[in-house]
Every structure is written in C-alpha cells, then in structure tokens.
Amino acid sequence: MVNSTLKLRNFRSDFDSVVSNVYKENGGLYDEDYVQKRMDRAYEVEELGGKLSKLMDPSGKDDISIMAMQRLFNHKPNGPASPLDMALDYFIYDYEFCEPPRVTSLQNTNPTPTNADFGDDNNFVADQRGFESIIHYVGSSYLNTDNNGNIADRRVLLNQVVRQITYNNYGVVVTTEDGSSYSADYVMVSTSLGVLQSDLIEFKPQLPFWKTIAIYRFDMGVYTKIFLKFPRRFWPVGEGKQFFVYASSRRGYYGMWQSFEKEYPGANVLLVTVTDDEARRIEQQPDNTTMAEAVAVLRRMFPDVDVPDATDIYVPRWWSNRFYKGSYSNWPIGVNRYEYDQLRAPVGRVYFTGEHTSEHYNGYVHGAYLAGIDSADIMINRVFKNQEFKVRGKYDNHVEVNCS
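Sequential numbering from 1 applies to the sequence shown in full-length UniProt numbering.
Where hints are given, some of them may not hold.
Listed below are the simulated DSSO-like cross-link pairs for lysine-lysine, each with C-alpha atoms no more than 27 Å apart in a straight line [to be verified]: (1) Lys24 <-> Lys225; (2) Lys225 <-> Lys385; (3) Lys394 <-> Lys211; (4) Lys211 <-> Lys385; (5) Lys37 <-> Lys24; (6) Lys76 <-> Lys61; (7) Lys241 <-> Lys37; (8) Lys54 <-> Lys76; (9) Lys204 <-> Lys390; (10) Lys385 <-> Lys24; (11) Lys61 <-> Lys394; (12) Lys262 <-> Lys229; (13) Lys54 <-> Lys394; (14) Lys61 <-> Lys385; (15) Lys24 <-> Lys76; (16) Lys225 <-> Lys241; (17) Lys37 <-> Lys61; (18) Lys325 <-> Lys204; (19) Lys24 <-> Lys211; (20) Lys37 <-> Lys51; (21) Lys241 <-> Lys7; (22) Lys229 <-> Lys61; (23) Lys24 <-> Lys51; (24) Lys241 <-> Lys262; (25) Lys204 <-> Lys24; (26) Lys325 <-> Lys7; (27) Lys51 <-> Lys394; (28) Lys204 <-> Lys229; (29) Lys262 <-> Lys54; (30) Lys241 <-> Lys24; (31) Lys390 <-> Lys211; (32) Lys7 <-> Lys262; (33) Lys51 <-> Lys61; (34) Lys211 <-> Lys229.
Calculated from the structure, these hints are not laboratory results.
With the sequences and hints as input, model every part of the structure.
Below, the structure written as structure tokens:
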C-alpha cells in the first residue's frame, strides 16, 4: 500500500544466482554444480529443522539453537566447517538474523514468519528520498503536515534526547537532555532494544527485576552494510551477477557482496555486509583500515584483475550510536513466549513498543509498525476498558500471570 502510493524505486534481489558467484579464498570461482549440491544440502537441513520446529511445544520449552538442529540432521558437532559451507551457512542464517546459528532460536526463526506470511522475494529500495519519506507518509494520516506533505505538527518534538522517565500511580514525567520536562498520564517507550539495554534512559523507580531480566535476555544484533566507491568497475555485471560471495576460512569476513550496476548505473559502488563480531570490530577501527581490508579481499577474489584502491567508503555504526546500540533484535535460544510477553508488558503507566516486541516479525520494519498498533491496543484496553495485560505462563499457554 505504501509503495503503491509513494512509488518507491526498488529492484528485485536475485539471490538465486548466488551459487554461480562463490569465490574461493585465494581467488577463482567454485564449480557451480558443486556449490549447488552444498546449497541443496544446507536447505535440506533447514527444511528438516522447520518440520522439527512445528513439532515443538508452542510454549517454547523444547526450543534449541539452529546449530543444535544442524548437529542433529547433519551430524557435524561444530556446524559447517569448510570455507564454502561456512559461507553458505552465513548466507542462509547470519545474513538474515545478523547472528550465527549457535545463538539463534530454531523454533522462533524457522520457518521465518515474515517469509511464510509475505513470501521469500526481497526488493532493494534505491530511492533518493530516503526512509523518512515512508515515515512522513504514514504519519500524515494522523499528524498535521506542511505543503510538501512532511510532518509539521507542533505536538511532535524532534531532536529531544530522553534521559529520564519518572513514573508513579498518577502519571509520568519525561526529562530530556536539555533539562526540559514533560508530564503525561502515560508514556509509550519506543526506543530500540539496544537503548533499553544501555544507560541512556534512567527509569525512576528502577524497572522491576522481571522486566529488566526480560530486556537483557533478548539479543540486539549488529548488521553493517559497508559501501565502497571505486574509480572504475572491475567486477562482472549482467544477468545473474548481482551478488557474489567470498568463502573465507574466517567466518563472516567480508563475505556477502552486492553490485549496484542495475540500481545506480555507472556509480561504481559495491556493498559488502558484515555482522555480529566482525561488525563490532569494524565499527571500532578507522574507515581507511576497513577500506584496505575490503579491497584486499577483492584482490584475492579477482587475482587476474587490476583492482584499484577505493576512493570512498561509508561505514554505518549502529552499535556505537547511543540512539540505536545495534541494528535489530534477534530471537535467542532460552527465550520463549513467557519472556517475550514480559518484554512487551507495561510497567504501571509505562508502556513499551518496537520491533523487538513483535512476536512474529521482530527484526523487521513491518514488525515495528504492527507492534506499534498492538502496543497502542494494550494501552487503550487498560485506559478505557480497565483490562490488564496478561503474561502467558512459562510453559502453559493457558495459564496467565499478571505482571502489571
């Protein structure tokens, strides 16, 4: 609906061509038929994991990690070990969930609800208006806008950093970094999970133990897309050449590459994705070091090509940024529906929302959007209908515990 109105400039991502573009650690392509066999086996194991997941108790008490599932069906104690198998494993799991299989919940990610409900196709949005165009479009349905359709509602305060939320049985007071205070009957906290896990916002009184533990048990992943610009194109382009993979013996080391020849013809830009520990490591080093590392990888991939130095680089730092402290949440093992309910449960007059409170779509923008609707319903039911939010029992979906 949003795209049909905004007409976002987007392009289908051709992930099917990955098998024909997997490069060996010291250069040259793997045989496509061999890669396809290894990929087929990886997907076979994933499918078996999905069937196992559906047999597990809905409460989550039987949940295991994706790696444990791989051990069960692939009989490899430490998971995929060869550079090729690690690269394909990274493509299937880390590239989606931003964390490795050893920490990711099987039951809550396989099958992935987003793919099951909306399909497997992915489109890359290459729109110069930026993500804010979507925010202004959605917000314009209930906020005042200017002549250009941008939000211009004086009730929306921008560039205000919340540092303290004081609450009691009668209301809340939100204090910002510039010393201003705002009073309200209720407050909805929509910061990222990473911010909740940091010390940016102080709650007075402190959040109860059950709430704090729920916040810290969930994972905030780091997913970093690094853009590199070159003076000329040296990589292959054309049909089936959108993505290429570097199969390093060091898992996740500058492994997933994407060309933008279709999206931005002549821009000579490549994108490489890193996650988890590699993303955190790269965030802490100078950009010129990252540029040198990435170009060195490209020179190993294309040993017979004159690979020039990159002329520019952009490295997002989601983990280091105090307003994000990560990219999006990932559902870890050991967290079931009980802890999830605690994560989104209100504390008195303080309510919580965000993609991490979306039971089925955490980690996605549509999860954040739908979670906002759900959290608003929870607040409305309490304020106008006096209905308390109920947390499902630890291992029995029919037992309810009041955590207000």
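Structure-based check of each hint:
no.: 1; hint: Lys24 <-> Lys225; verdict: 22 Å, holds
no.: 2; hint: Lys225 <-> Lys385; verdict: 45 Å, violated
no.: 3; hint: Lys394 <-> Lys211; verdict: 15 Å, holds
no.: 4; hint: Lys211 <-> Lys385; verdict: 24 Å, holds
no.: 5; hint: Lys37 <-> Lys24; verdict: 16 Å, holds
no.: 6; hint: Lys76 <-> Lys61; verdict: 24 Å, holds
no.: 7; hint: Lys241 <-> Lys37; verdict: 20 Å, holds
no.: 8; hint: Lys54 <-> Lys76; verdict: 23 Å, holds
no.: 9; hint: Lys204 <-> Lys390; verdict: 23 Å, holds
no.: 10; hint: Lys385 <-> Lys24; verdict: 62 Å, violated
no.: 11; hint: Lys61 <-> Lys394; verdict: 8 Å, holds
no.: 12; hint: Lys262 <-> Lys229; verdict: 15 Å, holds
no.: 13; hint: Lys54 <-> Lys394; verdict: 19 Å, holds
no.: 14; hint: Lys61 <-> Lys385; verdict: 33 Å, violated
no.: 15; hint: Lys24 <-> Lys76; verdict: 22 Å, holds
no.: 16; hint: Lys225 <-> Lys241; verdict: 19 Å, holds
no.: 17; hint: Lys37 <-> Lys61; verdict: 34 Å, violated
no.: 18; hint: Lys325 <-> Lys204; verdict: 22 Å, holds
no.: 19; hint: Lys24 <-> Lys211; verdict: 47 Å, violated
no.: 20; hint: Lys37 <-> Lys51; verdict: 21 Å, holds
no.: 21; hint: Lys241 <-> Lys7; verdict: 26 Å, holds
no.: 22; hint: Lys229 <-> Lys61; verdict: 48 Å, violated
no.: 23; hint: Lys24 <-> Lys51; verdict: 33 Å, violated
no.: 24; hint: Lys241 <-> Lys262; verdict: 10 Å, holds
no.: 25; hint: Lys204 <-> Lys24; verdict: 55 Å, violated
no.: 26; hint: Lys325 <-> Lys7; verdict: 31 Å, violated
no.: 27; hint: Lys51 <-> Lys394; verdict: 23 Å, holds
no.: 28; hint: Lys204 <-> Lys229; verdict: 47 Å, violated
no.: 29; hint: Lys262 <-> Lys54; verdict: 39 Å, violated
no.: 30; hint: Lys241 <-> Lys24; verdict: 16 Å, holds
no.: 31; hint: Lys390 <-> Lys211; verdict: 14 Å, holds
no.: 32; hint: Lys7 <-> Lys262; verdict: 18 Å, holds
no.: 33; hint: Lys51 <-> Lys61; verdict: 17 Å, holds
no.: 34; hint: Lys211 <-> Lys229; verdict: 45 Å, violated
The structure fails hints 2, 10, 14, 17, 19, 22, 23, 25, 26, 28, 29, 34 (numbered hints given earlier, in ascending order).
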